[in-house]
Structure formats: structure tokens, C-alpha cells
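Asks: Let the sequences and hints guide you as you build the complete structure.
Numbering (the working numbering), first residue to last: 143 to 377.
With a cut-off of at most 25 Å between alpha-carbon atoms, the simulated DMTMM-like pairs for lysine to aspartate or glutamate come out as follows: (1) K367 x E187; (2) K173 x E200; (3) K346 x E185.
Have a look at the derived ranges for each label pair, beta carbon to beta carbon: (4) D347 x V307: 42 to 48 Å; (5) Q215 x A147: 18 to 24 Å; (6) N189 x G218: 35 to 41 Å; (7) G167 x S221: 20 to 26 Å; (8) S181 x Q216: 20 to 26 Å.
Since the hints were derived computationally from the structure, they do not count as laboratory data. Backbone N, C-alpha and C define an ideal beta-carbon position, used for all residues, glycine too.
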Amino acid sequence: MAGAARAVSVSFLEHGIAVLRMQRGENRINKEFIDTFHSCLDEVESNKNCKGLITTSEGKFFSNGLDLQWLSQQSGPESFQQFITSFNEMLGRLLTFPLPTAAAINGHCFAGGAMVAFSHDLRVMNSEKGWICYNEVFLNLRLAPFVMKVMQLKANPKTFHNMMVFGQRFTGPEAESAGLIDKAIPSSLVENESQKLLQAWLGKDGIQRESLHNMKKDVYADALKELYTLRPSKV
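Replies: Laid out in C-alpha cells, this is it:
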């Protein structure tokens with residue numbers, strides 16, 4: 143892919159906020175995406191002046207999920223399971239990241255893209271366009287127990303049921319009403335509002351990294367126990 147943009151980039155704003163920007167259209171998730179995402183997280187962690195993290199994109203999509211075309215070209219179920227494990231490990235790292243995190247959801251956020259969004263502490267979503275959805279039920283796919291455990295903490299029981307069993311999709315305002323996101327706001331304000339939310343929780347002195355990392359591990363302990371346990375990919 144000569145000349146193609148890096149799958150994910152990182153930049154640092156004033157006030158100690160890092161921005162991870164997914165920058166390949168639908169932002170389909172494959173091995174290159176995961177490797178680049180980890181590299182960006184490494185940069186953020188190594189920057190001792192950084193106090194918070196925003197993940198976002200531009201245009202129509204936040205992320206449209208796994209790169210199914212790329213996956214279809216991998217050899218056999220073992221390769222598939224290895225990839226899913228590596229993706230879940232990326233989500234686990236993000237879920238317990240030692241800084242406050244916010245997903246600035248600029249557009250459609252489906253399946254694996256929703257997993258990325260819900261692995262953040264905070265979510266701000268475009269109120270004008272885009273859905274957030276787990277559509278695996280329509281693809282004859284099953285979600286890892288790790289993801290299910292996380293979502294049971296992120297959604298109330300009725301919303302969790304409808305989102306998983308029926309693949310219900312939510313607009314920004316609907317997601318806010320359901321408690322899935324913190325705020326739905328016009329597209330031009332999504333990233334700025336995410337920064338404001340982070341700064342509000344950070345306060346003047348920020349949050350000590352080790353303390354935050356340990357607290358997140360405790361909050362998500364049941365989910366993290368399932369991190370390496372994968373169900374069959376097909377029913």
C-alpha cells in the first residue's frame with residue numbers, strides 16, 4: 143500500500159491530551175491496525191507529560207469493525223483465533239490503560255469498532271450521523287466472553303440484551319438516552335467535547351497512573367479473566 147496513510151497516528155495537544163487518529167476510511171481492523179495501535183499507545187505511555195487519551199477518526203466512519211476481507215485470506219481457524227486473541231489483548235490494554243480515555247465517535251461504529259469505543263472510559267458521539275451497533279448476530283458470529291463481560295458493565299440489562307440479541311443500532315441521541323455514551327453532540331464539536339470531558343475528570347493534578355491502572359483492573363476483573371478464552375467463531 144505505497145503512499146497509504148498510517149492506519150493510526152498519534153499527536154499531542156496542549157494540557158497533556160494525546161489523540162489517536164484512525165485514518166483509513168472505514169478503519170477496518172487487521173493485524174497492521176493492531177500493531178500500529180499498540181505502537182501509538184506505547185508513544186502515549188512513554189510521554190510522562192500526557193494525562194489523557196482520545197481516540198477518533200474523520201468522515202463517515204469511526205470504525206466499521208474487523209477487516210473481513212483480510213481475514214478471509216488468512217489460512218485456517220488457527221490463524222483466525224490468533225488474530226481474535228491479539229485483538230482482544232489490544233482491547234484489554236485499552237480498557238485498563240493508565241490514563242483516562244475517551245472515544246470521540248465521529249461516525250459509524252460497528253462490531254469491532256464498537257468494541258474499541260466501549261474499551262474507553264468515556265464516549266462522545268456525533269449527534270447528526272452514524273450508528274453504534276454490534277451486528278454479529280446477522281453475520282453468524284459469536285463474541286468472546288471477554289467482550290460480553292465488558293458490555294454487561296457498560297450497558298443496562300435491557301439495552302445489553304437488545305444490542306446483542308437483536309443487533310439493535312443506536313444513533314448518537316439514542317445511545318445517550320440508553321446510557322451507552324456520555325454525550326451526543328454535533329460533529330464539529332465531538333473531539334473538543336471529548337477533551338473537555340477528560341479535563342473535567344482529570345482536575346488540576348490529574349490521576350496517578352499506577353492507581354488508575356490498578357483500579358481499572360479491579361473494576362474489569364471478571365472480564366479480564368475471560369481475556370484469553372474464546373468461543374468458536376461460528377455457531
